[in-house]
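K.L.:
Using the sequences plus the hints, can you model the full thing?
As a plain string of letters, each chain reads:
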Amino acid sequence: MNQDLDYAPLLLVPVLALLALPLVGTGSTWLTLTAAGLAMGMIIFIIASGLTLVFGLMDVLNFGHGVFIALGAFVATSVLGAMGDYTASSSLWRNMLAVLPAMLAAMAAAAAAGIVFERLIVRPVYGQHLKQILTTMGGMIIGEELIKVIWGPQQIPLPLPAGMRGAWFIGDAVITRYRVVAMVVGLVVFLALAWVLSRTKIGLLIRAGVQNREMVESLGYRIRRLFVGVFVAGCALAGLGGVMWGLYEQNVIPQMGGEVLILIFIVIIIGGLGSTTGALIGALLVGLVANYVGYLAPKAALFSNIALMAIVLLWRPWGLYRITNR
Amino acid sequence: MSDALLTLEGVHTHIGAYHILHGVGLQVPRGELTLLLGRNGAGKTTTLRTIMGLWQASAGTIRLGGRDITGLSTPDIAASGIAYVPENMGVFSDLTVAENMLLAARGARTQAQMDPQRLHWIFELFPAIEKFWNHPAGKLSGGQKQMLAVSRAIVEPRELLIVDEPSKGLAPAIINNMIAAFEQLKHSGVTILLVEQNVAFAQRLGRNVAVMDQGQIVYAGTMDELAADPDRQQALLGLAL
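Protein sequences appear in the order of chains X and B.
Take 1 as the starting number for the first sequence in this note's numbering and just add one per residue.
Take 327 as the starting number for the second sequence in this note's numbering and just add one per residue.
Note that these hints are calculated values from the structure, not bench results.
Every residue, glycine too, gets a C-beta built ideally from N, C-alpha and C.
Do not take every clue at face value.
Computed cross-link-like contacts, PhoX-like style, restricted to lysine-lysine with a CA-CA straight-line distance of at most 25 Å [as the list claims (entries may be wrong)]: (1) K494(B) / K457(B); (2) K201(X) / K457(B); (3) K201(X) / K494(B); (4) K512(B) / K494(B); (5) K494(B) / K465(B).
Pulled a few chain X residues facing chain B out of the computed Cβ check, cut under 10 Å [said to hold, decoys possible]: (6) L146; (7) K148; (8) V196; (9) R207; (10) E214; (11) M215; (12) V216; (13) E217; (14) Y221; (15) R222; (16) Q250; (17) N251; (18) I323.
Pulled a few chain X residues facing chain B out of the computed Cβ check, cut under 8 Å [claimed, not checked]: (19) H129; (20) L197; (21) K201; (22) A208; (23) Q211; (24) S218; (25) L219; (26) G220.
P.N.:
Have a look at this one:
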């Protein structure tokens, strides 16, 4: 993406994994935890990628991003629930014939909700951070209540399709199938984003807009229209992430978005606001730390990601990748 | 004097509680280079930003080729034919030189679609642009960034080029390059409005001069007239040319 890429942050993920190896002790447990951490990180990245671009491009603090995660997950319960024949099959391919429409429906619903959210809640408070925090949090509460109206307030199970259950064994290490699916989906999203950002004019405009909106407008481009597009795409990705997270947890509740949101903010702060590559590395670090610490010192799990953020910010106060000109 | 491409009439600009421009009236003749001079804080940059719609005029009218552009959005003003080089150059440091140029070439989706003749002309004006084509713009020197900023502004034909302090912070050799480039641009028929504090630079370029003080145009005439009147220079600019 960037021809002059700073490679030091890229080494953090393998360095962290290698540092954890002697602490965890056994290689098989380490491999299991690493695979779980990478899968969790990829799901978090899917959700965080849109939010970091929204902040980078328009300086908008969207604390309502979580509602699109929950909406995506709930839409998935309806779609997968209606395709029982496909989800009950032990064939992964038949499962995908159900999961893919669920993902697309979740993304479409989240994108549609994103258009309304941007128009009614975000647009009136451009440039006003405090109001953005208050109104977008309010928007999330309203969104959660609307989800309760449609799907009910109770927890809804979102079982994995039959072909995605179970695990592969590498020696004594257990690699659950769904985690591999999550890693593949996350990788596809990252590569697609990287391609759009580095190879298309729209991507060029987004990267330029993240650095200097005013200059992009002075060149004759309507950055607000671009922002709406990025916001809606970010919501769609959050919807996709909601499906992945719901399947990961195997149940969904209306508040699930708010619960994940703290991790998402940690990720985009670690990565550097506006940087998708930074968000990917940040997400993988958060996923790995959550799994390693959850195994080694469960009582410290809640604190671990905050500590990770503090350490990264002590090293690089603007996050792993600083977006220049801002 | 030929007909005016850009006309400002009684333009006032407020930024927050501050009243910065107090009825600016300015004419920029078509096909010529006009210099806007003045002390620090006189309102020169605010005038350019108001023309571009980056700050909205609170009163008055701005016309480009007879068309009222007051109150239009910045993208609409740019699309109407004005290219703007801000004081900080506005170069996208994380993008390559080529990507910076492609962004400004609104009609092109890829580098291959950029006008090769125009690129060739730019490479002749500023050889550094071709030399560092695939380099990150953030790695360029100050002078090279200024060349990129000007190149970006002329990568597509525009009616009016407005440039804010192109000589700021540049070495004398680079300033000579810039002067040569602006001379060529002038001869190519581009209308230029140039804000400058470097009086030596301004003198070598300008025929038409406007001087600002306290948010108003206090002098409009030719550089020769201004140069011949030391008292006026001292009064308007605080120095002798």
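K.L.:
It remains to establish, for every hint, whether it holds in the given structure.
P.N.:
Results of checking the hints against the structure:
Distance check on the hinted pair: K494(B) and K457(B) sit about 23 Å apart at the alpha-carbon level, within 25 Å; holds. As the CA atoms of K201(X) and K457(B) are separated by approximately 23 Å, the hinted pair is consistent with the 25 Å bound. Taken as a hint, the K201(X) and K494(B) pair is broken in the structure, with Cα atoms around 31 Å apart against an allowance of 25 Å. Proximity of K512(B) to K494(B) is assessed by CA-CA distance (about 20 Å); at most 25 Å being required, the pair is judged to hold.
Our distance criterion of 25 Å between C-alpha atoms is met by K494(B) and K465(B), whose separation comes to about 18 Å. The interface hint given for L146(X) is broken, as the beta carbon of that residue sits about 34 Å from the closest beta carbon of chain B, more than 10 Å. Nearest Cβ of chain B to the Cβ of K148(X): about 41 Å, over the 10 Å cut. The hint is violated. Given the 10 Å rule on beta carbons, the hint for V196(X) is violated: about 13 Å separates it from the nearest Cβ of chain B.
A distance limit of 10 Å between C-beta atoms decides the matter here; for R207(X) the minimum to chain B is near 6 Å, and the interface restraint holds. Taken as an interface hint, E214(X) checks out: its beta carbon lies about 6 Å from the nearest beta carbon of chain B, inside 10 Å. A distance limit of 10 Å between C-beta atoms decides the matter here; for M215(X) the minimum to chain B is near 4 Å, and the interface restraint holds. At about 7 Å, the closest approach between the beta carbon of V216(X) and any beta carbon in chain B falls short of 10 Å, and the interface hint on this residue holds.
Annotation: E217(X) was flagged as interfacial toward chain B, and the flag holds, the nearest CB pair being 4 Å apart, inside 10 Å. Taking 10 Å as the C-beta cut-off, the interface hint given for Y221(X) holds, the closest approach to chain B being about 6 Å. Taken as an interface hint, R222(X) checks out: its beta carbon lies about 5 Å from the nearest beta carbon of chain B, inside 10 Å. Given hint, Q250(X) at the interface with chain B, is violated; its Cβ is 41 Å from that chain's nearest Cβ, farther than 10 Å.
This hint is violated: N251(X) has a C-beta 42 Å from the nearest C-beta of chain B, more than the 10 Å allowed. A least Cβ separation of about 7 Å between I323(X) and chain B falls short of the 10 Å threshold, and the interface hint therefore holds. Because the smallest distance between the Cβ of H129(X) and any Cβ of chain B comes to about 17 Å, over 8 Å, the interface hint for this residue is violated. Hint status for L197(X) relative to chain B: violated, with the closest Cβ pair at about 11 Å, above 8 Å.
For K201(X), the suggested interface contact is upheld, since its CB lies about 5 Å from the closest CB of chain B, less than 8 Å. Using the Cβ-Cβ criterion of 8 Å, the hint placing A208(X) at the interface with chain B is satisfied: the shortest such distance is roughly 5 Å. Nearest Cβ of chain B to the Cβ of Q211(X): about 5 Å, under the 8 Å cut. The hint holds. Here the hint on S218(X) is kept, as its CB sits about 5 Å from the closest CB of chain B, short of 8 Å.
Taking 8 Å as the C-beta cut-off, the interface hint given for L219(X) holds, the closest approach to chain B being about 5 Å. With a least beta-carbon distance of about 4 Å to chain B, the hint placing G220(X) at the interface is held under the 8 Å criterion.
Checked against the numbered hints listed earlier, the structure breaks hints 3, 6, 7, 8, 16, 17, 19, 20; every other hint is satisfied.
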